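**Q** Sequence:
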Amino acid sequence: TWKPGPRWGSLLLKATPKVPTTPVKARRTSTFQEFESNTSDAWDASEDDDELLAMAAESLNTEVVMETANRVLRNHSQRQERRRPPEPPAVPSGDLRLVKSVSESHTSCPAESASDAAPLQRSQSLPHSVTVALGGTSDPSTLSSSALSEREASRLDKFKQLLAGPNTDLEELRKLSWSGIPKSVRPITWKLLSGYLPANVERRPATLQRKQKEYFAFIEHYYDSRHDDAHQDTYRQVGACPSLHIFERILFIWAIRHPASGYVQGINDLVTPFFVVFMCEHIAWQAARGHPSGALCDRAATLDWCFPPDNYTFAQPGIQMKVKMLEELVSRIDEQVHRHLEQHEVRYLQFAFRWMNNLLMREVPLHCTIRLWDTYQSEPEGFSHFHLYVCAAFLGRWRKEILEERDFQELLLFLQNLPTAHWGDEDISLLLAEAYRLKFAFADAPNHYKK
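Sequential numbering from 1 applies to the sequence shown in full-length UniProt numbering.
What the hints contain is simulated information worked out from the structure, not anything from laboratory work.
Small disclaimer: the values here were computed from a predicted structure and weren't measured.
Glycine included, C-beta positions come from ideal geometry on N, C-alpha and C.
Please note that the accuracy of each hint is not assured.
FRET-style restraints, in silico, Cβ to Cβ [as the list claims (entries may be wrong)]: (1) 345 / 200: 50 to 60 Å; (2) 195 / 220: 23 to 33 Å; (3) 210 / 401: 45 to 55 Å; (4) 422 / 349: 22 to 32 Å; (5) 221 / 421: 39 to 49 Å; (6) 165 / 443: 24 to 34 Å; (7) 164 / 349: 42 to 52 Å.
Straight-line alpha carbon distances no greater than 16 Å define the calculated EDC-like cross-link-like pairs of lysine to aspartate or glutamate that follow [said to hold, decoys possible]: (8) 158 / 169; (9) 158 / 172; (10) 439 / 381; (11) 175 / 157; (12) 160 / 172; (13) 400 / 410; (14) 400 / 335; (15) 324 / 342; (16) 158 / 171.
Please put together the full structure from these sequences, using the hints given.
**A** Structure (structure tokens):
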């Protein structure tokens with residue numbers, strides 16, 4: 001049985017440790033034998049256990065313990081108070097429509113909160129500025145909160161200055177939007193970049209009113225005909241999509257306005273990012289006034305005008321052509337991966353058709369899709385031409401894992417279920433940078449798709 005030596009007893013009897021008064025001497029190298037001789041009495045077995053317990057009990061004082069604990073709590077509270085960031089500056093009431101927050105705090109919209117509950121819960125424990133439920137979330141950044149807020153606030157100021165003028169410079173807006181758009185100005189920016197609103201501020205109210213009237217005129221004229229035999233196929237497919245009347249109206253009217261396309265599987269997915277971006281701007285404002293349906297109706301016309309129709313024609317030859325172009329491009333970029341897929345008889349249509357059809361929406365989280373579309377809106381032919389290079393970069397991102405697979409089933413299963421559930425804005429930025437590099441290298445080479 002271990003018994004303490006005299007030195008342990010003397011240490012326990014002291015209420016508070018004393019600061020050594022002897023001057024500090026320079027350390028010298030000591031042998032293990034010297035160390036053992038200096039500390040051997042600490043393990044002396046000459047004392048009795050009962051004596052040790054009595055000394056320990058005598059040294060404990062309840063009042064001293066409580067006073068020390070309270071002092072520690074007070075000191076901790078004072079340190080936390082000093083570390084707390086200052087309150088964000090008040091935003092003038094006139095800017096509430098445009099600016100919801102001084103930073104791009106990654107707060108999720110109700111439509112996304114279920115999938116991003118864990119990151120949101122963790123972010124709530126960190127100091128942050130006022131947040132607003134706007135569309136799109138992102139993975140928590142590795143940068144400090146203060147540095148991130150300053151950078152986001154600076155970017156937001158640039159957008160505000162650009163959007164505040166009587167005539168918005170769309171070219172500068174595209175350049176600024178390429179690296180991502182702050183959530184509070186994303187709705188108005190998307191409307192401008194997609195051509196839904198004109199650059200001239202004075203023309204916007206009349207243009208908005210005209211397009212909304214056209215949309216509701218289509219509803220009044222055609223929506224009741226959805227049960228007619230001529231439109232049964234279209235409405236049956238639309239009805240199989242999200243069971244919301246607003247989605248039914250948008251998709252049905254879009255199919256009427258684009259007779260060459262009709263309703264094609266995959267269009268319903270493309271409504272979602274626009275719905276989240278345009279609706280999250282108005283959810284809190286409308287809910288507070290008890291008129292959420294009004295916001296839904298007003299935004300429905302915007303959704304109908306904005307999403308891109310290029311790929312969606314009968315039999316989808318545009319998508320099949322782009323899949324073929326992707327195959328040719330990958331064969332030039334990474335011949336080893338291309339031959340590996342051919343060797344295991346994996347066809348590009350088996351995994352890349354969905355990439356083209358849904359613009360990678362099924363492959364990455366929704367907030368990543370929204371960030372991706374910021375750049376697509378900024379690029380000339382971003383949803384068609386630039387998306388091809390994004391898909392090539394996306395395939396190259398999994399090069400190591402692809403080459404490790406030696407079985408057709410495992411390889412195809414991996415390509416159809418890529419591990420992107422935890423992707424954030426940083427991953428999308430790296431993907432876009434690689435896609436831009438590929439575009440810069442190949443876009444001006446007219447024969448780079450051909451062998």
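**Q** Are the hints correct? Go through all of them and say.
**A** Status of each hint after checking the structure:
{"no.": "1", "hint": "345 / 200: 50 to 60 Å", "in the structure": "56 Å, holds"}
{"no.": "2", "hint": "195 / 220: 23 to 33 Å", "in the structure": "25 Å, holds"}
{"no.": "3", "hint": "210 / 401: 45 to 55 Å", "in the structure": "51 Å, holds"}
{"no.": "4", "hint": "422 / 349: 22 to 32 Å", "in the structure": "28 Å, holds"}
{"no.": "5", "hint": "221 / 421: 39 to 49 Å", "in the structure": "44 Å, holds"}
{"no.": "6", "hint": "165 / 443: 24 to 34 Å", "in the structure": "32 Å, holds"}
{"no.": "7", "hint": "164 / 349: 42 to 52 Å", "in the structure": "47 Å, holds"}
{"no.": "8", "hint": "158 / 169", "in the structure": "12 Å, holds"}
{"no.": "9", "hint": "158 / 172", "in the structure": "10 Å, holds"}
{"no.": "10", "hint": "439 / 381", "in the structure": "12 Å, holds"}
{"no.": "11", "hint": "175 / 157", "in the structure": "15 Å, holds"}
{"no.": "12", "hint": "160 / 172", "in the structure": "13 Å, holds"}
{"no.": "13", "hint": "400 / 410", "in the structure": "14 Å, holds"}
{"no.": "14", "hint": "400 / 335", "in the structure": "14 Å, holds"}
{"no.": "15", "hint": "324 / 342", "in the structure": "14 Å, holds"}
{"no.": "16", "hint": "158 / 171", "in the structure": "14 Å, holds"}
Of the numbered hints listed earlier, not one is contradicted by the structure.
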